[in-house]
Each structure stands twice: as structure tokens, then as C-alpha cells.
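Chemist: The lines below spell out each chain.
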Amino acid sequence: MSAPVGLVVRAVGGGPCLVQDAGRPGHAAIGVGVGGAADRASYELGNRLVGNAPGAAAVEVVLGGLEVEATVHVTVCVTGAPAPLHLDGRPEPSGAVLTLRPGQRLRLGVPASGLRSFLAIRGGVAVAAVLGSRSRDTLAQLGPAPLAPGDRLALGDAATGEVLVDAVPPASYDDRPVLRVVRGPRDGWVRDVERLVTTTWRIGSSSDRVGLRLEGGGLDPVPARGELPSEGALRGAIQVSPDGRPVVFGPDHPVTGGYPVVGVVIDADTDRLAQLRPGDELGFRWV
Amino acid sequence: MKVLPYGDRGLLVELADTDAVVRCVALIRSGPATSGLVADVVPGARTVLVVARAGVPIDLLRAVVPDEKDLMCGESPGHQGPPPAEVVIPVRYDGPDLERVAGLTGLTEAEVVAAHTGTPWRVAFGGFAPGFAYLVGGDPRLQVPRREQPRTTVPAGAVGLAGEFSGIYPRSSPGGWQLVGRTDRALWDLDRDPPALLGAGVTVRFEEVP
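So the sequences go chain by chain: A and B.
Count the first sequence with the working numbering and you get residues 1 to 287, in order.
Count the second sequence with the working numbering and you get residues 288 to 497, in order.
Calculated from the structure, these hints are not laboratory results.
All C-beta atoms, glycine included, are put in the ideal place defined by N, C-alpha and C.
Do not take every clue at face value.
[To be verified] Just a sample of chain A residues kept apart from chain B, beta carbon distances all over 12 Å, derived:
hint: 1; residue: Ala29
hint: 2; residue: Pro91
hint: 3; residue: Leu98
hint: 4; residue: Asp137
hint: 5; residue: Ala140
hint: 6; residue: Pro146
hint: 7; residue: Thr199
[Said to hold, decoys possible] Selected chain A positions facing chain B (in silico; Cβ < 10 Å):
hint: 8; residue: Gly26
hint: 9; residue: Val72
hint: 10; residue: Val97
hint: 11; residue: Asp166
hint: 12; residue: Val168
hint: 13; residue: Ser172
hint: 14; residue: Glu227
hint: 15; residue: Ser230
hint: 16; residue: Glu231
hint: 17; residue: Gly232
hint: 18; residue: Ala268
[Stated by the list, open to error] Ranges between beta-carbon positions, derived for each pair:
hint: 19; chain 1: A; residue 1: Arg245; chain 2: B; residue 2: Gln436; range: 14 to 20 Å
hint: 20; chain 1: B; residue 1: Pro427; chain 2: A; residue 2: Pro223; range: 51 to 57 Å
hint: 21; chain 1: A; residue 1: Glu227; chain 2: B; residue 2: Leu477; range: 40 to 46 Å
hint: 22; chain 1: A; residue 1: Ser241; chain 2: B; residue 2: Arg479; range: 31 to 37 Å
hint: 23; chain 1: A; residue 1: Gln104; chain 2: B; residue 2: Asp471; range: 47 to 53 Å
Start from the sequences, fold in the hints, and give me the full structure.
Modeler: Rendered as C-alpha cells:
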């Protein structure tokens, strides 16, 4: 049962190109996290635009650089960070549904704003599922390896609907977002939790799908509280390490964490986190 | 017992000890409303994080959290049915922290090994990494703090102690537990169903090998 090859990877960029889907929820008890597309709304939009069933596997691309060549007629769409598209060298609008003919090459350039673009492919990427998901978990090292030149992407059978629109307006991530945070559960483990919402934070350079390191300030841990027994974590959780630096957990966060979580970004706002580049600024507000 | 909000999709249930955690997880998993409301249940050392399915309001999620009185009774639903499986883990007790553990506990190295192998352990919960299991119920003399400086690399199969727990690193990773030995058993194998050797409730006996 081998699926037909649809695309061959000709080049990848500076950032990783990862197969992602809706993730693998429900396996925390064996140490496996949810993972999945970092910006779920952009990922889901792409699948809808190419007529895929929800959960079809797409390619998550960091700061462009991916080039693919079609071996059959393949319908694709790029959502999320608005990477400039070139089809055999000819510019195409980001957000357009494109059908590649055999031999045609699509290249994603560096987006003007945002971090992660999603290449949705009609039918989805057919790779073996691990624990019910085709997503790459970078922390647990589960799922398909990062794409490399020469990789062949087979087409799946997720094309269940029609292609109803031919383009959506490209997204823009130029604003300085102020994300909504629920206080706690361990806000009492720092002396000055209000500084979380009064500081203008900057994304640190060593940020990835596991977590975003926040720079530009710090919180003051209560030293006498000692060691917190490990407890469950979620994407969007803001964990404060003993040196006072906050880390916001991304989709590949550890299932449990040992440092206090002083606030949790509400679920809907975690997609915006996935589009922040190193150096980008953000704020938080309580809800 | 305390229930704390964890963002807009989670509730963190604080409990007295690991036994209460194990009972709470079993009660939530077997609850009638759980499959419709709960995306995942994440056990911790003293807590259970209950995660709502997308679109389920957090207020509805409170319905799946067990009453405190149900957590008091000794038997959990997991203890009904067939007895749990037993897994024997052969260990070479040559870990780099064996001497330190002996110093911390006041035992000789041979007594540490005898204590670690003398009592069956039980999987309380998983976490940290795929296939990692937190084992409880061992000899209480073996309670030691984590290392002050975590190691950047702990080899696969390393057997460690931390607090009330023992555990085995499924693959090479950073780690802060006190390492007493090493095993060749594969803790995580995707070609096996289930991939984790040590599932919830499994009994583990360590056996010294030369």
C-alpha cells in the first residue's frame, strides 16, 4: 500500500521544515505530548482551502526557503506567515490556491512578517502515523524527520471536499500583540507577578517549538518555596526558572515541568505566539 | 484537595500524595462524562492536570473532577479486575551516584542495592519523556534529593532515584536524578503495542546482574 509521490523536496531553508497535523492528544500518561501545528488556525485554514478533511498532514516552514517540485498534478496553498511564492520563478500571491503541473517548482521566500508558513497539500502528506498522528514532535523525537532535499512526499487520501475559493488575503503579523493570560496556578511562587503584564517582553534567540524564551525583564522568585514537585503543563504556560526568566511553552513542551507556572496564555492566543520571531516584542494582559 | 484554573482549557487538581493522584486519574478516566469533555489527563507528583477538549468551557470540566471523599477510600477502580503485570528489570548497579546515595541515606552501597531490589515498585504515572515512568512504593530509606547540578546527558537505560521516586531513562537526555545503575531493557519501542514497557499500574522488580 504505497501512496503516489506528489512532491519532491528540492531545497529547505534555514529553519526546519516539519510535517505537522492536529497532534496526538491523550498520551500524556506515557510521556507523549500533544504537539501538532504550532499555529493551528493557519494550518486548519490551509487544509480547508485545498478541500482536505481536518487533521490532514501539512508542512510547517520556518522563515521560508522550502522548494518543492510536483511529480503529478498537485493542488497546494500556503497560509500563516505570508511567504512570497514563486512558481517556476513567477510570483504568485501568498494565500492563493495553486495547482502545480508535473515538473513545476514552487518556492517559498522569507515572509515579510510572522515566522511559520503552512504548505497545505490536497490529499495531505502520507507518512506513517505514530500514535495516531503524523506530526513531528521535536522534543520527544517522534514522527517524520525534518524534510531534507531529495525527500519524496506522497499524497494521502484526505481530499474529501471541493476547492471552493481560490485565494484568501495573506495574514500579517506586524503588530505588537498583547496576549490574554489567566493568572496562576503558581503566581504565589514569584514576588512580583504583576511585572508579567507591565513588561514589554522580547522573544529570545534560542526559542523553538518547545518554548519561547522571554527577554527584557525578569520576575523575582520566592526563594524559600523550595522545589515544586513536577506537574502537568500545557502550551501557553508561562514557566519561571530559578533565575527569574520566563519561558512560554510551545506545542512540543515537556509533558510535565518542575518550575512554577505563574500564568497561562489562553488557548486561542497561543497561535499568535507561534508567529513571533526572535527579537519581536509582545505584552500580556490578565483575563 | 484544591482545584486551580490552568489557562482557559485546564484545571489543576492539587492532592495530598501520589496515591491520591493515582486514584484521581483512575476515577477521571472511568467517569461517564470524561470521553466527551476531556482531551487528556496529565498526572504529576502531587497534582492532576485535566485538559478540556476544544470548545468545552472550563466550568463544564469541573464535573469530571472527583469528590474529595471518593479519593479517600483505599481502592481505586484500577485495582479491580486482573492483577497488574509485573516487569523484571535487570540492573548493573555501577551508577555514578551510587556512592553519593549511600552517603545521603547512611547505607552501604550493598545495602542501597539490596533496598532497591528488595521491594517491588509500582508505576504511578508517566511523563518527562516517552516511556519514562515514575515508580513509587519502594524502600522509604532510598528517598534522596535530585542532584544540585543536573547532568546535560544521561545515557539510555540509566536507573535513578529522586524524592520518593525511582525511574529509568528511556533514551539519552538531560537529567537530574541520582544514578545508581543501568539496564539493557528497552523502555520505549514503537514497534511494540503499547510502546511503553511500563504502563500505569505495572509492578516493577529490579534484579541485580553482574
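Chemist: Each of the hints needs a verdict: does it hold here or not?
Modeler: Okay, the hints, checked on the actual structure:
Distance check on Ala29 (chain A): its Cβ comes as close as 5 Å (rounded) to a Cβ of chain B, failing to clear the 12 Å threshold; non-interface status is violated. At roughly 36 Å from the closest C-beta of chain B, the C-beta of Pro91 (chain A) stays outside 12 Å, upholding its exclusion from the interface. The claim that Leu98 (chain A) is not at the interface with chain B holds, since no C-beta of that chain comes within 12 Å of its own (minimum 30 Å). With a least CB separation of 9 Å from chain B, Asp137 (chain A) falls inside the 12 Å interface cut-off, contrary to its annotation.
The claim that Ala140 (chain A) is not at the interface with chain B is violated, since a C-beta of that chain comes within 12 Å of its own (minimum 5 Å). Remark: the non-interface label on Pro146 (chain A) is consistent with the geometry, its nearest Cβ contact in chain B lying 18 Å away (cut-off 12 Å). Listed as a non-interface residue, Thr199 (chain A) keeps its Cβ farther than 12 Å from every Cβ of chain B; the least gap is roughly 20 Å. Interface restraint check for Gly26 (chain A): the shortest CB-CB distance to chain B comes to about 5 Å, inside 10 Å, so the restraint holds.
For Val72 (chain A), the interface hint is violated, the least distance from its beta-carbon to any beta-carbon of chain B being 30 Å, above 10 Å. Evaluation of the Val97 (chain A) hint against chain B yields a violated restraint, the C-beta minimum of about 26 Å exceeding 10 Å. Given hint, Asp166 (chain A) at the interface with chain B, is violated; its Cβ is 29 Å from that chain's nearest Cβ, farther than 10 Å. With a cut of 10 Å, the hint placing Val168 (chain A) at the interface with chain B is violated, because the nearest CB-to-CB distance is about 22 Å.
About 25 Å separates the beta-carbon of Ser172 (chain A) from the nearest beta-carbon of chain B, more than 10 Å, and the hint is not met. This hint holds: Glu227 (chain A) has a C-beta 7 Å from the nearest C-beta of chain B, less than the 10 Å allowed. The closest approach between the C-beta of Ser230 (chain A) and any C-beta of chain B is roughly 5 Å, which is under the 10 Å cut-off, so the hint is satisfied. Interface restraint check for Glu231 (chain A): the shortest CB-CB distance to chain B comes to about 4 Å, inside 10 Å, so the restraint holds.
Because the beta carbon of Gly232 (chain A) sits about 3 Å from the nearest beta carbon in chain B, less than 10 Å, this interface hint is met. For Ala268 (chain A), the suggested interface contact is upheld, since its CB lies about 8 Å from the closest CB of chain B, less than 10 Å. Between Arg245 (chain A) and Gln436 (chain B) the beta carbons are some 18 Å apart, a value that agrees with the proposed interval 14 to 20 Å. Checked against the hint of 51 to 57 Å, the C-beta distance between Pro427 (chain B) and Pro223 (chain A) comes to roughly 28 Å, which is inconsistent with it.
Checking the proposed 40 to 46 Å range against Glu227 (chain A) and Leu477 (chain B) shows it is violated: the Cβ atoms sit about 33 Å from each other. A beta carbon spacing of about 36 Å between Ser241 (chain A) and Arg479 (chain B) agrees with the range 31 to 37 Å that was offered as a hint. Here the CB-CB span from Gln104 (chain A) to Asp471 (chain B) is close to 51 Å, well matched to the stated 47 to 53 Å.
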